[in-house]
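Q: These are the residues of each chain, in order.
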Amino acid sequence: MRLVGFYLFAAVAVLLPILFPDNYFVTVVGASAGLHVILAVGLNLLMGYAGQISLGHAAFFGMGAYTSAILTTRFAWPGLLAMAAGLLVAGVMAWLFARPILRLRGHYLAMATLGFGIIVHVIMVQAMHWTGGPDGLAGIPPLNLLGWTVEGDQQWYGVIIAAMLLTIWLSLNIVDSRMGRALRAVRGSEFAAQMMGIDTARAKTQVFVVSALFAAFAGSLFAHQQAFISPDSFNLMISVELVTMVVLGGMASTFGAACGAIALTLLHQGLVVFEDYEMLIHGGLLMVVMIFLPQGLFVGLSQGVRRVMNNSSIVLRYREIVSTKLSSSSR
Amino acid sequence: MSSRWWKINLAVFLLLVGGSLSSAAEPIKIGTFLSVTGPASFLGDPELKTLQMVIGNLNAKGGLLGRKIELIHYDTGGNAKEAVDFVKRLIKSDNVDIIVGGTTSGDTLAVIPDIEKEGIPLISLAGAVDIVEPVKKWVFKVAHSDRMAVAKIYDDLRKRGLTKVALITGDGGFDKSGREQLRKLAPEYGMVIVADEAYGNKDTDMTAQLTKIRATDAQAIINFGFGQAPAMVTKNIKQLGIKLPVYQSHGVASKTFIDLAGDAAEGVRLPAAALVVAEQLPDADLQKPVLLAYKKHYEAQYGPVSTFGGHAYDGVIMAIEAIKRADSVNKATVRDEIEKTKGFIGTAGVFNMTPEDHMGLTLDAFKIVEIRNGGWKIVE
Chain A
8 MRLVGFYLFA AVAVLLPILF PDNYFVTVVG ASAGLHVILA VGLNLLMGYA GQISLGHAAF
68 FGMGAYTSAI LTTRFAWPGL LAMAAGLLVA GVMAWLFARP ILRLRGHYLA MATLGFGIIV
128 HVIMVQAMHW TGGPDGLAGI PPLNLLGWTV EGDQQWYGVI IAAMLLTIWL SLNIVDSRMG
188 RALRAVRGSE FAAQMMGIDT ARAKTQVFVV SALFAAFAGS LFAHQQAFIS PDSFNLMISV
248 ELVTMVVLGG MASTFGAACG AIALTLLHQG LVVFEDYEML IHGGLLMVVM IFLPQGLFVG
308 LSQGVRRVMN NSSIVLRYRE IVSTKLSSSS R
Chain B
5 MSSRWWKINL AVFLLLVGGS LSSAAEPIKI GTFLSVTGPA SFLGDPELKT LQMVIGNLNA
65 KGGLLGRKIE LIHYDTGGNA KEAVDFVKRL IKSDNVDIIV GGTTSGDTLA VIPDIEKEGI
125 PLISLAGAVD IVEPVKKWVF KVAHSDRMAV AKIYDDLRKR GLTKVALITG DGGFDKSGRE
185 QLRKLAPEYG MVIVADEAYG NKDTDMTAQL TKIRATDAQA IINFGFGQAP AMVTKNIKQL
245 GIKLPVYQSH GVASKTFIDL AGDAAEGVRL PAAALVVAEQ LPDADLQKPV LLAYKKHYEA
305 QYGPVSTFGG HAYDGVIMAI EAIKRADSVN KATVRDEIEK TKGFIGTAGV FNMTPEDHMG
365 LTLDAFKIVE IRNGGWKIVE
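Respectively, the protein sequence lines represent chains A and B.
According to this note's numbering, the residues represented by the first sequence are 8 to 338, in order.
According to this note's numbering, the residues represented by the second sequence are 5 to 384, in order.
Chain A extracted, bound-state conformation (with noise of 0.2 Å):
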């Protein structure tokens, strides 16, 4: 019962590629898209969860890409294998940096985490040796699983929609575990979650860590995906578009996080057409959004629904009926 989100999610997922096979929006937006709602869901857990902010996501997102890039392109390393060390390396300085950083609170968090994702994007630009600089890497090679390699649009749909989900699934469950529970007490109060036994520092630093693991995974993907990789995709605007995303759909759901990333990357694809005006409406919208549901799309709107279903009259004359059934059978 608690996974029928999922399931309904999934399905919905699974079915868009039969229904629709190799068709632009379907493959390849819906790949982009999800990536994006791994990075989302991801970066949910700390922002959501958590309540720690973090201005410089795209930086981990980044170490899996040019991880599993140059591994495989300079040392011909196998993707799989790249693709552990990209995690690691994401994972090692999540950690390294958590402590220090996650002493910090609101703005000043805010600019530490910003400062950390504007020196890992000078770090891709200037060690051209490595990253290739500007003008980026090209020829990743495609990424082999186990002896099936994948490759064109509809084989990346699937494998990218498999990775989401499991972290979806993952996400879920760390929610409803003594972590996800030990974190929502950090958000609540820290100090009051201190006085209750919880490891505050601790349990930061394992979402910290946890969140940029998602992010390098993503980041791998996409490197494989894309085969080519620039810093442009790892920059300053990528960061707040993605906590964009999270606050979009709703902070403290997975689901939320998940179709706020999905929202915005249609949004871009749709609002093209407009060209000039594009993003005139896109930041329109996203005030639109925010000013009348603010606790995000996902969340606001299936409130909503909540409160039509709980007040309208047929349902409540539904409910009369039940009970003065259930009423008139114990009597």
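Everything hinted at is true.
Here's a subset of chain A near chain B, in silico, CB distances under 10 Å, partners left out:
1. Y31
2. T34
3. V36
4. V132
5. M135
6. P141
7. D142
8. G143
9. I147
10. E158
11. Q233
12. E282
13. E285
14. M286
Keep in mind that the hints were calculated from the coordinates and are not lab data.
Note that this is a predicted model, so its numbers are computed, not measured.
The C-beta atom is built at its ideal place from N, Cα and C for all residues, glycine as well.
Chain A is already provided as a structure; the job is to place chain B on it using the hints.
A: Relative to the frame of chain A, chain B by itself:
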């Protein structure tokens, strides 16, 4: 009941026939992806305007092969990931016949794997040599490469008997790949690099780097970059009273640079496409009529020309000529025809494509110009 069936069947039949008839006159679709916004917008903007102008004119004259031409464009904002997505969209969703575009080298390099996989001709407007070296089957380019600019600068230095150079470059893609070529070609031209300084493209003061250069025994300063930074470097050189000859790249071959740098720009030399000095060319020059015609058209509609818009002009005309010769939009035939382009006079120079050379320009395509009295002067 059955009569209604007949009517429906008839309607469906008519629709199908109508559909297949109208497809015969379907427009030829040219796709493009440019950085119309973002840091490279001063390149992408004139490129898009040029494409719209050329295609608009051609449609007014009846189109191509009896069909109208439709331009489908997306703005990448200079982001390589966007470029990849939009090129997929052009190929899969819009079903374009040919792609002319890619403002920056990063955008072009990013889409090459998809272009090669799907097999669609691409004429790139970006500079990096890596785009056509090694040769890729479906990829061509019409912009001068950074290596040519470097070769031209070194050639001029050698003529003046200067061998010790100081480099100062920014942190953009154009700057970085220019610096790489400067370092790579130096031994070939007998140049010794005595200083190699870097700045951030958003910096507003480069005196620290230039002071270091002043302390060396450099005989000339080469600055490779575009946008505001090179103007700042040029101003700082004058402020510090450094009297060495200054060379800039083709990235600053626009009136804006002279306006920004003011007096300091006097005497600066740079390799530039013939477009900026079109009026000064001898009448016998093959390119002159083409350059003047493009300039006249463009300036009538949009204001001062830039060499970057010129690249778009070359690219789209080359594509149109190839489609004309192929007499179809079959991708493989059009590709072969682009490769057979010979003696094509564009704004960037005279193009001669071969299976080994998908750019087809020679060093003659660049002129060394000097800034004198706030204008350009050919010094060769």
